[in-house]
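Protein chains: 2
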Amino acid sequence: MPAEIPATSLQLRSLVKADQTVELFLEAVEIPAPGPGEVVVRVEAAPVNPSDLGLLLAGADLAAAVWGGSADRPVVTAPLPDAAMRAAAGRVGIPMTAGNEGAGTVVAAGSSAAATALLGTTVAMVGGAMYAQYRCIDASLCLELPAGTQAVDGASWFVNPMTALGMVETMRLENHVALVHTAAASNLGQMLNRLCIEDQIPLVNIVRRHEQEELLRSAGATHVCNSASPGFMAELTAALQDTAATLAFDATGGGRLASQILTCMEAAASAAAASYSPYGSTVHKQVYIYGSLDRGPTELTRNFGLAWGIGGWLLTPFLQKIGPEGIQRLRSRVAAGLTTTFASSYTDRVSLAGALEHEAMTAYARQATGSKYLIIPNP
Amino acid sequence: MPAEIPATSLQLRSLVKADQTVELFLEAVEIPAPGPGEVVVRVEAAPVNPSDLGLLLAGADLAAAVWGGSADRPVVTAPLPDAAMRAAAGRVGIPMTAGNEGAGTVVAAGSSAAATALLGTTVAMVGGAMYAQYRCIDASLCLELPAGTQAVDGASWFVNPMTALGMVETMRLENHVALVHTAAASNLGQMLNRLCIEDQIPLVNIVRRHEQEELLRSAGATHVCNSASPGFMAELTAALQDTAATLAFDATGGGRLASQILTCMEAAASAAAASYSPYGSTVHKQVYIYGSLDRGPTELTRNFGLAWGIGGWLLTPFLQKIGPEGIQRLRSRVAAGLTTTFASSYTDRVSLAGALEHEAMTAYARQATGSKYLIIPNP
Numbered sequence: 001m002p003a004e005i006p007a008t009s010l011q012l013r014s015l016v017k018a019d020q021t022v023e024l025f026l027e028a029v030e031i032p033a034p035g036p037g038e039v040v041v042r043v044e045a046a047p048v049n050p051s052d053l054g055l056l057l058a059g060a061d062l063a064a065a066v067w068g069g070s071a072d073r074p075v076v077t078a079p080l081p082d083a084a085m086r087a088a089a090g091r092v093g094i095p096m097t098a099g100n101e102g103a104g105t106v107v108a109a110g111s112s113a114a115a116t117a118l119l120g121t122t123v124a125m126v127g128g129a130m131y132a133q134y135r136c137i138d139a140s141l142c143l144e145l146p147a148g149t150q151a152v153d154g155a156s157w158f159v160n161p162m163t164a165l166g167m168v169e170t171m172r173l174e175n176h177v178a179l180v181h182t183a184a185a186s187n188l189g190q191m192l193n194r195l196c197i198e199d200q201i202p203l204v205n206i207v208r209r210h211e212q213e214e215l216l217r218s219a220g221a222t223h224v225c226n227s228a229s230p231g232f233m234a235e236l237t238a239a240l241q242d243t244a245a246t247l248a249f250d251a252t253g254g255g256r257l258a259s260q261i262l263t264c265m266e267a268a269a270s271a272a273a274a275s276y277s278p279y280g281s282t283v284h285k286q287v288y289i290y291g292s293l294d295r296g297p298t299e300l301t302r303n304f305g306l307a308w309g310i311g312g313w314l315l316t317p318f319l320q321k322i323g324p325e326g327i328q329r330l331r332s333r334v335a336a337g338l339t340t341t342f343a344s345s346y347t348d349r350v351s352l353a354g355a356l357e358h359e360a361m362t363a364y365a366r367q368a369t370g371s372k373y374l375i376i377p378n379p
Numbered sequence: 001m002p003a004e005i006p007a008t009s010l011q012l013r014s015l016v017k018a019d020q021t022v023e024l025f026l027e028a029v030e031i032p033a034p035g036p037g038e039v040v041v042r043v044e045a046a047p048v049n050p051s052d053l054g055l056l057l058a059g060a061d062l063a064a065a066v067w068g069g070s071a072d073r074p075v076v077t078a079p080l081p082d083a084a085m086r087a088a089a090g091r092v093g094i095p096m097t098a099g100n101e102g103a104g105t106v107v108a109a110g111s112s113a114a115a116t117a118l119l120g121t122t123v124a125m126v127g128g129a130m131y132a133q134y135r136c137i138d139a140s141l142c143l144e145l146p147a148g149t150q151a152v153d154g155a156s157w158f159v160n161p162m163t164a165l166g167m168v169e170t171m172r173l174e175n176h177v178a179l180v181h182t183a184a185a186s187n188l189g190q191m192l193n194r195l196c197i198e199d200q201i202p203l204v205n206i207v208r209r210h211e212q213e214e215l216l217r218s219a220g221a222t223h224v225c226n227s228a229s230p231g232f233m234a235e236l237t238a239a240l241q242d243t244a245a246t247l248a249f250d251a252t253g254g255g256r257l258a259s260q261i262l263t264c265m266e267a268a269a270s271a272a273a274a275s276y277s278p279y280g281s282t283v284h285k286q287v288y289i290y291g292s293l294d295r296g297p298t299e300l301t302r303n304f305g306l307a308w309g310i311g312g313w314l315l316t317p318f319l320q321k322i323g324p325e326g327i328q329r330l331r332s333r334v335a336a337g338l339t340t341t342f343a344s345s346y347t348d349r350v351s352l353a354g355a356l357e358h359e360a361m362t363a364y365a366r367q368a369t370g371s372k373y374l375i376i377p378n379p
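From first to last, the protein sequence lines stand for chains A and B.
With our numbering, letter number 51 in the first sequence gets 51, and the count goes up by one each step, no holes.
With our numbering, letter number 155 in the second sequence gets 155, and the count goes up by one each step, no holes.
Since the hints were derived computationally from the structure, they do not count as laboratory data.
Every value quoted in this text rests on a predicted model; they were computed, and no experiment measured them.
One or more hints might be untrue.
[As the list claims (entries may be wrong)] Label pairs and their computed distance ranges (CB to CB):
{"id": "1", "chain 1": "B", "residue 1": "Thr222", "chain 2": "A", "residue 2": "Gln320", "range": "30 to 36 Å"}
{"id": "2", "chain 1": "B", "residue 1": "Arg217", "chain 2": "A", "residue 2": "Asp242", "range": "51 to 57 Å"}
{"id": "3", "chain 1": "A", "residue 1": "Thr222", "chain 2": "B", "residue 2": "Arg73", "range": "54 to 60 Å"}
{"id": "4", "chain 1": "B", "residue 1": "Gly326", "chain 2": "A", "residue 2": "Ala244", "range": "27 to 33 Å"}
{"id": "5", "chain 1": "A", "residue 1": "Thr121", "chain 2": "B", "residue 2": "Arg329", "range": "57 to 63 Å"}
{"id": "6", "chain 1": "A", "residue 1": "Gly69", "chain 2": "B", "residue 2": "Ser229", "range": "44 to 50 Å"}
{"id": "7", "chain 1": "A", "residue 1": "Leu173", "chain 2": "B", "residue 2": "Ser229", "range": "40 to 46 Å"}
{"id": "8", "chain 1": "B", "residue 1": "Gly337", "chain 2": "A", "residue 2": "Leu173", "range": "36 to 42 Å"}
{"id": "9", "chain 1": "B", "residue 1": "Arg329", "chain 2": "A", "residue 2": "Ala273", "range": "28 to 34 Å"}
{"id": "10", "chain 1": "B", "residue 1": "Gly326", "chain 2": "A", "residue 2": "Asp242", "range": "35 to 41 Å"}
{"id": "11", "chain 1": "B", "residue 1": "Asp82", "chain 2": "A", "residue 2": "Arg86", "range": "36 to 42 Å"}
{"id": "12", "chain 1": "B", "residue 1": "Ala274", "chain 2": "A", "residue 2": "Pro95", "range": "16 to 22 Å"}
{"id": "13", "chain 1": "A", "residue 1": "Arg256", "chain 2": "B", "residue 2": "Leu319", "range": "29 to 35 Å"}
[To be verified] Partner residues aside, some chain A positions facing chain B, computed with beta carbon under 10 Å:
{"id": "14", "residue": "Thr21"}
{"id": "15", "residue": "Ser51"}
{"id": "16", "residue": "Ala83"}
{"id": "17", "residue": "Ser275"}
{"id": "18", "residue": "Arg302"}
{"id": "19", "residue": "Gly305"}
{"id": "20", "residue": "Ala307"}
{"id": "21", "residue": "Gly311"}
{"id": "22", "residue": "Leu314"}
We put the beta carbon where it would ideally sit given N, CA and C, even for glycine.
Start from the sequences and build out the full structure, keeping to the hints where you can.
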């Protein structure tokens with residue numbers, strides 16, 4: 001097999017330049033020989049997740065982007081708004097790699113037992129730089145896929161499944177009994193819905209469109225609230241009374257949705273309270289913002305007492321908190337449900353060069369629910 | 001001494017009515033005989049704290065208030081905005097008492113040892129209904145003041161001192177090393193400044209006016225940032241780098257100040273970080289909102305990574321968390337520093353009827369820094 005490995009691999013790069021632009025291009029880089037604990041993987045599939053876009057696009061304004069280069073080696077240049085440029089200060093001049101997760105075939109292995117054992121197998125990986133034809137990576141960052149599993153089915157094994165499991169674990173760790181989830185018709189949302197049904201956890205799904213309501217209900221969801229409904233606040237409050245959900249994970253970030261959720265949680269808690277207090281109910285209400293579909297400011301109308309919290313939520317620190325044993329437990333569960341509970345679906349598949357085409361970039365940058373791209377680096 | 005006690009006591013009441021108004025008035029109520037564990041206290045001083053105003057004014061629009069009744073028995077009627085009326089739903093038709101804390105002389109005691117021991121002493125009290133001439137109260141809610149301490153010096157023994165101590169304790173419990181405080185020239189702010197100097201805790205004071213800067217600097221403050229300064233963000237970031245403060249207590253609530261603090265904390269953390277991450281620094285940054293000087297929405301511009309939290313902070317649940325021993329430790333510290341570290345100052349003293357006069361109400365409802373009223377119910 002080592003004979004199959006070429007000398008170089010195409011790798012997608014994102015470079016913020018001092019002239020306040022970001023440049024996306026493919027770079028041919030040498031494939032290193034694996035160290036003792038490492039393997040070289042031919043990357044066969046890598047998804048474009050919302051969590052990849054921050055690094056990839058650097059907050060650029062794609063409406064003003066310019067497409068150049070050749071079909072094989074496209075070069076996209078886009079200007080950065082001032083705020084994005086300030087946020088990118090730490091990466092100016094550094095051609096960053098991208099792609100948090102992917103899957104492929106191990107084509108070379110270092111001398112360690114762990115590495116050698118993976119040779120020839122199909123593995124899922126996490127660790128960045130997955131938008132590349134080959135990836136040299138530590139064996140511990142690979143998950144051997146069950147026999148017969150295709151790389152395309154294992155490519156999204158980490159970010160969404162571990163996030164869905166992380167939400168449920170956080171709920172238990174912080175003593176809540178039910179969950180609220182926004183942008184609930186996303187790949188992640190559908191996964192969380194299946195997981196909560198499996199684990200019998202009451203889940204309140206918040207969506208923005210009628211067809212998303214239908215989608216979730218047909219997948220067995222009990223509580224689906226449409227934020228575009230005129231009766232949204234009353235409907236959400238009723239669902240929160242039913243489920244006693246006091247923890248929400250919000251993918252939108254900007255706007256008033258987090259505030260509305262807290263308001264309805266407080267209304268549900270007050271309805272159950274024995275007496276009036278000017279400080280509001282004593283029930284702690286928590287919203288974690290884990291995405292930024294709406295990049296505008298978060299607006300909080302503080303009419304929900306004083307027992308509340310809002311914060312950022314990120315997978316990596318959560319995994320650090322639960323430690324290696326916790327991570328192993330979650331990994332095993334994902335591996336067992338890769339084509340069922342934790343299955344992802346994609347609207348389109350593109351090559352590395354195809355991922356830099358106008359149509360694809362515009363589509364995945366929009367982060368529309370139900371639109372998800374899979375990169376096939378070795379078509 | 002029991003002979004001195006009249007049959008009835010004037011008590012300030014706040015009544016939200018179904019017609020969407022709040023009515024403030026004095027009611028003569030019978031003074032009950034104390035139960036075995038209770039004492040009757042002649043209230044000699046009770047402060048008007050910002051935390052009293054929510055219950056007292058019910059969010060009324062004082063600009064549209066009408067003053068009626070007699071000089072001895074004033075009646076103030078003010079309309080409630082819609083949102084305030086919704087928030088007051090639980091108290092419509094119930095004439096609420098007000099005043100969280102106060103001090104006075106124990107004039108009658110129940111049969112228990114704890115109650116009898118207090119007879120004739122000057123005590124500070126917490127437990128509500130302090131805007132009254134007499135208060136029958138459980139002996140455990142009284143703190144016997146050190147010999148020679150006047151009631152006026154003990155009246156504000158609880159809310160501000162315990163809040164200042166609570167901020168410092170929260171800082172330690174949540175593993176921060178320094179504090180940020182807004183509205184820092186308030187009575188509470190000056191107290192926190194003295195406490196942090198005593199305990200050698202770095203404190204970043206945020207104020208809005210030049211004379212408040214002067215006040216705090218002359219009281220020994222090292223870091224004072226003026227949010228009205230054109231260089232505020234840079235000045236705050238520099239103070240945060242100096243102090244490594246990652247925890248703020250915000251009394252304003254509305255507007256952008258909480259967001260600005262998080263932005264500057266992130267800038268300070270990023271300056272110290274070794275490498276760039278699209279998710280921001282790994283340093284957890286926390287703001288607790290404990291007041292609502294600005295009743296408008298809180299606006300968060302999420303340019304501070306994902307390791308952040310904002311939440312409400314209230315003294316009572318904090319005290320529940322530290323338990324009876326923790327509370328006793330803080331009480332003892334307050335008692336020892338009542339006229340020094342934990343001293344309060346007042347701009348005006350008024351009778352119960354005086355507390356309902358136009359000038360006084362307008363002044364304390366404005367919650368201006370440096371303007372604090374003390375009610376003397378038995379002039």
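Hints versus structure:
Checking the proposed 30 to 36 Å range against Thr222 (chain B) and Gln320 (chain A) shows it holds: the Cβ atoms sit about 34 Å from each other. Between Arg217 (chain B) and Asp242 (chain A) the CB atoms are about 55 Å apart, so this pair conforms to the stated range of 51 to 57 Å. About 57 Å separates the C-beta atoms of Thr222 (chain A) and Arg73 (chain B), a value consistent with the hinted range of 54 to 60 Å. For Gly326 (chain B) paired with Ala244 (chain A), a C-beta distance near 30 Å keeps the hint of 27 to 33 Å intact.
For the hinted restraint 57 to 63 Å between Thr121 (chain A) and Arg329 (chain B), the CB-CB distance of approximately 60 Å keeps it satisfied. Distance hint check for Gly69 (chain A) and Ser229 (chain B): the Cβ-Cβ separation is about 48 Å, which falls inside the suggested range of 44 to 50 Å. The supplied range of 40 to 46 Å is met by Leu173 (chain A) and Ser229 (chain B), whose beta-carbon atoms lie about 42 Å from each other. As the Cβ distance of Gly337 (chain B) to Leu173 (chain A) is approximately 39 Å, the hint placing it in 36 to 42 Å holds.
About 31 Å separates the C-beta atoms of Arg329 (chain B) and Ala273 (chain A), a value consistent with the hinted range of 28 to 34 Å. Checked against the hint of 35 to 41 Å, the C-beta distance between Gly326 (chain B) and Asp242 (chain A) comes to roughly 37 Å, which is consistent with it. At about 40 Å, the beta-carbon gap between Asp82 (chain B) and Arg86 (chain A) stays in the expected band of 36 to 42 Å. A hinted range of 16 to 22 Å for the beta carbons of Ala274 (chain B) and Pro95 (chain A) is consistent with their spacing of about 19 Å.
For Arg256 (chain A) and Leu319 (chain B), the Cβ-Cβ distance of about 33 Å falls inside the hinted range of 29 to 35 Å, so the restraint holds. The restraint placing Thr21 (chain A) at the interface with chain B is violated, with a minimum CB-CB distance near 17 Å, outside the 10 Å limit. Against a cut-off of 10 Å between C-beta atoms, the interface hint on Ser51 (chain A) holds, since the closest Cβ of chain B lies about 8 Å away. Proximity of Ala83 (chain A) to chain B holds as hinted, the smallest CB-CB distance being about 6 Å (cut-off 10 Å).
Checking Ser275 (chain A) against chain B: minimum C-beta separation of about 7 Å stays under 10 Å; hint holds. Restraint check, Arg302 (chain A) versus chain B: the minimum CB separation of about 6 Å is within 10 Å; hint holds. The restraint placing Gly305 (chain A) at the interface with chain B holds, with a minimum CB-CB distance near 7 Å, inside the 10 Å limit. Because the closest C-beta pair between Ala307 (chain A) and chain B is about 6 Å apart, less than 10 Å, the hint holds.
Of the supplied interface hints, the one on Gly311 (chain A) holds, with its beta-carbon coming within about 3 Å of a beta-carbon of chain B, less than 10 Å. The interface hint given for Leu314 (chain A) is met, as the beta carbon of that residue sits about 4 Å from the closest beta carbon of chain B, less than 10 Å.
The structure shown violates just one earlier hint, number 14.
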